[in-house]
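*Asks:* The primary structure of each chain is shown beneath.
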Amino acid sequence: METRMLNVKINGRDYQVPEGTTILKAAREYAKIEVPTLCYLEGISEEGACAICVVEVKGARNLQRACLAKVGEGMEVWTNTSRVREARKLNIELLLANHPKDCFTCEKNQICDLRELAAELGVREVKFPRTRTEWLPFDDTSLSLVRDPNKCVLCRRCVNVCAKVQSVYAIDIAGRGSNSTVSTFLDEGLGNVECVNCGQCLLVCPTGAITERSEIPDVWKALGNPDKIVVVETAPAVRVAIGEEFGMPDGTQATGKMAAALRSLGFDKVFDTDFSADLTIMEEGFELIGRIKNGGTLPLITSCSPGWIKFAETFFPKVLDHVSSCKSPQQMFGTVTKTYWAEKMGIDPRKIVVVSIMPCTAKKFEKERPEMKTAFHHLQEKLGLKDEEAFNDVDYVLTTREAAQMIREAGIEFASLPDEDFDKPLGESTGAAVIFGATGGVMEAALRTAYEVITKKSLAKLDFEDVRGLEGIKSADVDIDGMTLKVAVANGLGNARVLMDQVQKGESPYHFIEIMCCPGGCLGGGGQPISHNPDIKKRRAEAIYREDAGKPIRKSHENPEVQEIYKDFLGEPNSEKAHHLLHTDYCDRSCK
Amino acid sequence: MIRNQLLVCAGGACITSGEKSVKDVLVDELKKNGIEDEVQVIETGCMGACDLGPIVVVYPEGTFYQKVTVKNAGLIVNEHLVKGRTVGELLYTEPASEKRARTSGDIPFYTRQVKRVLRNCGAIDPLSIEEYIARDGYFALGKALEMAPDEIIRILLDSGLRGRGGAGFPTGLKWKAAREAAGSPKYVVCNGDEGDPGAFMDRSVLEGDPHSIIEAMAIAGYAIGAEKGYVYVRAEYPLAIERFEYAIGKAREYGFLGRSILGTGFNFDIEIRIGAGAFVCGEETALLRSIEGKRGTPSVKPPFPAQSGLWNKPTLINNVETYANIPQIITNGAEWFRSVGSTKSPGTKVFALAGNVQNTGLVEVPMGTTLRELVFEIGGGIPGGKKFKAAQTGGPSGGVITAEYLDMPIDFDTVKEIGTIMGSGGLIVLDEDSCMVDVAKFYLGFTVDESCGKCTPCREGTRQMYHMMERICDGNGRDGDIERLSKLADVIKDTSLCGLGQSAPNPVLSTIRFYEDEYRAHIYEKKCPSHVCKHLLTYSITPDKCVGCTACARQCPVHAITGEVKKIHVIDQSKCTKCGSCYESCRFGAIRKE
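Protein chains in written order, with the working numbering: chain A, 1 to 592; chain B, 1 to 594.
Treat the hints as calculated values from the structure; they're not laboratory data.
Accuracy of the hints is not assured; some may be wrong.
Simulated pairs of lysine to any residue, SDA-like, Cα-Cα distance not exceeding 25 Å [said to hold, decoys possible]:
hint, chain 1, residue 1, chain 2, residue 2
1, B, LYS487, A, GLU120
2, A, LYS228, A, GLY247
3, B, LYS31, B, MET1
4, A, LYS127, A, GLU116
5, B, LYS575, B, TYR524
6, B, LYS294, A, LYS318
7, A, LYS32, A, ASN109
8, B, LYS386, B, VAL532
9, A, LYS89, B, VAL532
10, A, LYS127, B, GLU470
11, B, LYS294, A, CYS591
12, B, LYS301, A, TRP220
13, B, LYS487, A, TRP78
14, A, LYS127, B, LYS313
15, B, LYS487, A, ARG83
16, B, LYS313, B, GLY475
17, A, LYS89, B, MET1
18, A, LYS351, A, TRP220
19, B, LYS493, A, THR81
20, A, LYS293, A, SER508
21, A, LYS293, A, VAL453
22, A, LYS25, B, ARG478
23, A, LYS567, A, LYS474
24, B, LYS301, A, GLY43
25, A, LYS456, A, GLY290
26, B, LYS294, A, ARG83
27, A, LYS164, B, LYS313
28, A, LYS127, B, ILE523
29, A, LYS318, A, LYS474
For clarity, every value in this text was computed on a predicted model and none was experimentally measured.
Pulled out of the complex, with its shape left as it was, chain B reads as follows (with noise of 0.2 Å):
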């Protein structure tokens, strides 16, 4: 007889930090007090609050336990399982109030959040179908296989569902396009080559919910005709990949899979596909070459791949977290899918949070939920006391969200409305201290690094806007190089051949229509008003503060300060490299960096 179980997250963050350790203790805990019978382990997928972990969960209270460690994990099994007593030290405690949260229902990073792609993500044992099935999986799959394809569409399109990608095209849409096609056999894919730097909720889902992307891929085929779907997942998530297809197994296994699913003459499969580590594969019509075995480079659109895709033959591709929203609309109907989100951009979008932020992880919120929700409810703002600068969301193609949209409702319009774009939900959060020339040159390193190579616009331009950021941070910059760059972007976003050339020079764009003045102080001050660009800084020793205590002429790596014992330092700014060395080392704030 089950009287406890102990849910241990093991997501990617929570393994890093040491879950399987923390879980090895606690089972033999268990079996040292003899009580490995009544309290079951399971490990579960996600449970998003990444920073809080590795992270425990007692059930049936719900008792949540944070930063657990192999030293104090025993608690659990002897404090709270044994004697009844909650482990305190373990417990959250919310910096504002200081007070001790006992369970998830306690945390506002948790509180605010409405689960729905993430819903077994954390809740169940990803490896368990019965554990799936016990939360009406599968249900959505059986229903789908009684209506009509079109009926199913339709429930799609009334639903409002864009796709999470990125784009935010109208799924129904792109089903109905996909069933229309003529051409056989057609072909179901989920994207699941999650690649923007800091984005993961793909991952999550593969890893802590499998099942719900197979019965979405599942009904997907049946609602265009199709009876083969493959997964294509990056080959960095070995984790999900293990996991997904342990699930396919079990789903054949189960006859969710494979011949006449649920006895209805329906038959479908699905097979994983692994990338191999480039960026420009989550483009849709390179990730279909790449699954055909070429070279994954894009090719032009039309034709779309519904017409033509894979091997030339209709195919549905959509994104993980689409696919993930798929099960819930069929089984709840498209109602209960607005019920929460905006008008144009119903449901729900899973961001992943991270930066200049207190809480950093994986939130999912209504569609339409502002920045300031986000930033400072669920994530508790930023820490050190820094001011809020701006958030960057979409990754290496979208842009910033500054201070003064905070209250704008977040949703595939309105962020593209200032420039940027929802992207696939990475969400950096960026304090005062950052410098967004700096910022804006990281993610456009990315895309150079990234392209193809295909089309000129993109191999070559986004190269050569790569060189004007770099001679502009390191203080070379020259009059006339905004106008440049702006213009080069113009033309790369007009000719690239794909998505990837199209928004390359977005992080660059939107960061010169909000802080056009931090580029003029680089290109014409020489100046980094953030004190990030390290070629712009002078390091100076303010002789009044200056005690002579020579801490910072012993730190200097290359000996460019001098001066004797108790006496007033000086740097030599020929010798100095800028390393900050000095600043650091200095205890009476001598130091000046300007």
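The following block holds chain A by itself, in its conformation from the complex (with noise of 0.2 Å):
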């Protein structure tokens, strides 16, 4: 059926929108004229609460929120009129006169909408009083997150993501009227409930009420501390998106900066993440051929995302046996450090601080698992340590603004920087392990090397573009000489959940899942820069595959270093000692 077009004026011109356009959307993408707005997120957050982007439609007794108000044939709009303009600004004014008036050392002072808002609306006044008569206490229950509900405008973006992007429901609105707030079950905190510390939340806040639980004075000491090898590994995913926080453009491959602002900072070995996801990738293929052949669990689950692993325990812990046993990339990386390379240099583990970067606010619950001291364990008796001794595989997560703002505050000239290389051994990887950092990354990984070892031959297509792309769920029918493969992959566990269901009444048509818990994957992850670009995900996506296509090994199983691990440490992929030391086991986390 052909859209009807309905004619609307804005601001005295004629524009022709198709039926059911909103007059937001007819003012922005017709019209070309901003309208301001505070609450809205397209297709997630529709409520209507802020009243900041209300226009003028003649006709209508009052204002019309131009998010919601649908034009109407014939329609006349007015966007720019003073009585517009004064409600704007007054109902900025009426949320600010309770905001902290901190701004000066707010974390979100640069990216703050509220205050983006004000000085766009000219507002040079608050002309009403405090009138909440206590501060609200901190919700720092959270290994990954802080909520300020002081900071909190009540735009409802953050209970939005939470329940209809991830499907969680971690949040939501407590309380009435001026004492309403967002608030946990029964206030008991973010640490306490079902959040699965993915960060969504704190991405779409407008201002500084939900911030990451920073670690930048515990790195800055163990960086001053000239008894400590502080080693960083990053993620693939802050490759292609910190270069955002220093003003490059949007998609910038800043790999080679990285590494030289990294080392800058003090860190004794810059490592990459990259490496242990090629390690990642030859545990878990060799977990799935080992299952596939010989008729265990299917389908086989990804586990790198500790948010869609939490989420697994919290929701669907039935599927539990579905979920690959292995580590982490991230966890991988921490247990190998303290193992392999301590032993290789001959370094006292207890020496080493593993920093790792991450687009990721649940690696900082991740790492405090207390599963994940593996390398405490394997020492204990070797190095006769106490338990009290015991250490965590990896010492401190930072996130990607983190990282960057620890460069900030050092004085790097980021952008400027010549390109340098990771530090080896840990700091070799190759194109699959790039990739992991995207939406079906993963799976495109295991597959090269799936393929490879199962029919020993060559891939004479490297690039699956069945599971490439931001769309929630993908599949695919991968054809290895003459079995058919059924892969899934989703991003964001809305979708996530939509697979589950279907795992969990035993329906599912797959041999292979990958989950990614955040939308388009670790690139639009919690701990990634804010962007207000809607097509951020797409530039860092095409980063990837861009540094990916220029690396000049690109199959897990061919990484030289990777070889050498198990030549020298490991044995065989999944051997025991593998098991030992790079798989894990969950816990049902649900309500029983």
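Hey, can you piece these two chains together into the complex? The hints should help.
*Replies:* Right, here's the structure in full:
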């Protein structure tokens, strides 16, 4: 059916827009007029709560919310009358009246939507006093996120992203009127409820009400300690986003500059999580092959994404048998550094500090999981360590934003740095590891290796286009020497839920499923730079696939350092030692 | 063989003033006299004259006994029923003429009323479906089921019935939109989340005549093509919920609800949903979310519930009082309905009369009745010989009608013209001692508490307005406050998401419009002309009148009054907390309050 076109007059000019178009869309896309919004996120948060996008519609008694009101035939809209401007300004003032005035020290200082709106609308004074009588306590129960309800403007973007995109429903509005707050079940705090730590709420928060739990001071302290050997690892998605923090164009591949900057910060070794991503492919790829050959539980589901793991543990404990026992690349890296590398270099692992730079807030939670002390347990007997001397495999996790902040604090001119390489041996990686950063990447990397290992033939074409792209759920049939491998890829937990419902019911047609917690995969993670570019995920993905294409080696099993670690240390993929060091188990967190 | 019936009012007010014990005494006394088989005791819904309760009416003669207590209830049995002598002391005495009224027909409070919505309230046992049927109940349903749905909607449109929930939207148009909306299933919803302070007409109907609502909803279901109805009742109305639940059961038993009603193949059933104490759930979109089990917050209209309501399906939602009109319109026709009321607002309206007025309670009058008739003829005027100042209508969404409009016919449109609304029918009479700034502050405080908190202007704006009102009443008003209040009020009205926010500033705007001088006195002279705002009062002792009795000094809780016996006393203003106990205690009128 053809869409009817409607005539609309915006600020005196005529436009034609398809039926069903909102006034906001008509103004922005057809008339190229900016109508400011605060609470609106297309398709996700369409509440009409903030009352900033109001416009005048001829014949309407009240100002209309442009984000929700649809264009009607012959409608006459005015987006810029004094009535409109005054109302917007006054509503911003009302929000500012109770908002803390600590912009100087606020983490969101430079990227605060509320501050920007106030500036754009020309708010020069707040005529209203603070009416809230007390300051609300922070929610610092989470290992990943900190919420400051005092800075919350109740736009509900976080609530909607958590519910509609991630289907986690960890937060909602509690209380009434001016006492309403965003809260968790019984106000228990994010750390004590079903929150999976993905940080998507943080990305959409227009103010500084949600931030990551910063580990910057700890890392500075470690770097300043001459007794410590501080090793840094960087996740694949960080290199294609960190440039944004320094004014570089979206989708800049900043791998070399990032390595240089980290070295300038004083890290003793600049390694790459991509190394352990290749290792993950070896372990997970062989796990898949094993399960297929030996009639194991299928589909096998990837385990790299700690937000997804907590989601599965909370909502789908019955599918945990399907989840690969492989640790995530971050955790494999920590273990390998404190065992293999320490041994190789003759360093006391207790002196090593592993810092990982991640596009992710859930990684901060992951590193604290009690089972993530493998290196300690491995070495406890040998070194005669007491239980209380236990150390984590990974000591600190910084988000991409935190790493950028440290680089700024150090006065490093990121954009003008020369490109440098990672250190060896744990800095060697392949194109297969790089694409871990995009949804479908783990799947593609696994397919490259599985195909060649099973068929013992070389792949003619390395690019598995069917599993690339930002769609929520992708699936493909992959022919491996006459055997059809059915695979699916989901990004965003709402999409994961669809696939998991099938698995739980025993109706999943797939052999192998990749799940990434965040929309777009790690490149859209909660630890990434906050961007207002609607195409940002696409830009970062393009950079990731460019990085892959430019790599001399593009298959994990061909990584020479990975081959060496198996030869010298681990033996075979999925060997007993590999299982002991590189695999983990999960717990049921559901309400029973 | 029943020779007499005792109708005992079991409305909320009468129950709280001891109706249950009175009824027990009546039953006991009947037994003692051995006439329990001859006299039937029936508990009815609210009879309306709440300040006269507990009320007992003896039929067939209709003798109206008021303020019956456990002590004198026996007289009704022993004197009236056994000896045939009317109990004079329990009759109502008209204050003006000092005449005793024998029946409700002799009481002006009742004679000026036209009972349509409340026709069964106080007249039948709400738990008896037979009594409802005996009063032509379910006749309209039977009739409707023989009509084409469009014909029913045509009658409603012709009747001119407008929504009694407050906004006055033509009911027929709502039904038409719901009927024409695409989507299935459709739902019928009854809004019984009556929340305006002081309004209780919906409760009275639900408690006193539940079958009228069931019948109306079934007719609505048939007219729009729905098989399922929900009645949303606030949790604060346990008796209404109990009686309505019982009535639903009886209606099912009698085949007025359920499968193939009256053998026509039309299916319809009703479920009760209980609110959880939020005023905003009276707003229809919030109410629908609440029925769905979600947080009751409003959403932007359009889409209207008729297009996308419960679970995004077409939903017809009307208020209790609106539904209560439906069966009679179907039975008696549109012309009958239009025979009372005004042209644009036909029919009757139930008001909850309260405040500084002699007779309080529920009154049903034709639309277009003047405030003078309501307050002075039905309400019996202002107690204590005080002057009428204004009537507040529409609760926290409304405003005031002042003395100059006493003779204005009240309907949906006339009240709107002077800046207030009809609302659900709360009508609070204010006498000359009322401070209009304080009254506005009270209502604003209500909306501040009851705002759901979703949209900025309502959540933050009303709070700021309240803050300013508090400042003004506390003597900290500043030049420009009236303008600031008005400006903020305009933006709140203009940009709030739902009716609650859009109307929240009305009490302030309306009082500024008619009583700006009072605001100015508070702000500029730091005076409250009505001596209500405590912080603006000064208590002092008039030396000429003070006899030095020490009564005031002994009463003062903060020892602010000094003076020896038989000598003139003095109030230390720096210590005075303005509690007013000296004023109350002085027998010589020596304490001045200004």
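*Asks:* A separate judgement is required for each hint: does it hold in the structure or not?
*Replies:* Now for the hints, and whether the structure bears them out:
no.: 1; hint: B:LYS487 x A:GLU120; verdict: holds, 22 Å
no.: 2; hint: A:LYS228 x A:GLY247; verdict: violated, 33 Å
no.: 3; hint: B:LYS31 x B:MET1; verdict: holds, 15 Å
no.: 4; hint: A:LYS127 x A:GLU116; verdict: holds, 19 Å
no.: 5; hint: B:LYS575 x B:TYR524; verdict: holds, 24 Å
no.: 6; hint: B:LYS294 x A:LYS318; verdict: violated, 28 Å
no.: 7; hint: A:LYS32 x A:ASN109; verdict: violated, 28 Å
no.: 8; hint: B:LYS386 x B:VAL532; verdict: holds, 16 Å
no.: 9; hint: A:LYS89 x B:VAL532; verdict: violated, 36 Å
no.: 10; hint: A:LYS127 x B:GLU470; verdict: holds, 17 Å
no.: 11; hint: B:LYS294 x A:CYS591; verdict: holds, 21 Å
no.: 12; hint: B:LYS301 x A:TRP220; verdict: violated, 53 Å
no.: 13; hint: B:LYS487 x A:TRP78; verdict: holds, 21 Å
no.: 14; hint: A:LYS127 x B:LYS313; verdict: violated, 44 Å
no.: 15; hint: B:LYS487 x A:ARG83; verdict: holds, 11 Å
no.: 16; hint: B:LYS313 x B:GLY475; verdict: violated, 52 Å
no.: 17; hint: A:LYS89 x B:MET1; verdict: violated, 76 Å
no.: 18; hint: A:LYS351 x A:TRP220; verdict: holds, 16 Å
no.: 19; hint: B:LYS493 x A:THR81; verdict: holds, 17 Å
no.: 20; hint: A:LYS293 x A:SER508; verdict: holds, 19 Å
no.: 21; hint: A:LYS293 x A:VAL453; verdict: holds, 13 Å
no.: 22; hint: A:LYS25 x B:ARG478; verdict: violated, 43 Å
no.: 23; hint: A:LYS567 x A:LYS474; verdict: violated, 36 Å
no.: 24; hint: B:LYS301 x A:GLY43; verdict: holds, 18 Å
no.: 25; hint: A:LYS456 x A:GLY290; verdict: holds, 16 Å
no.: 26; hint: B:LYS294 x A:ARG83; verdict: violated, 35 Å
no.: 27; hint: A:LYS164 x B:LYS313; verdict: holds, 21 Å
no.: 28; hint: A:LYS127 x B:ILE523; verdict: holds, 18 Å
no.: 29; hint: A:LYS318 x A:LYS474; verdict: holds, 23 Å
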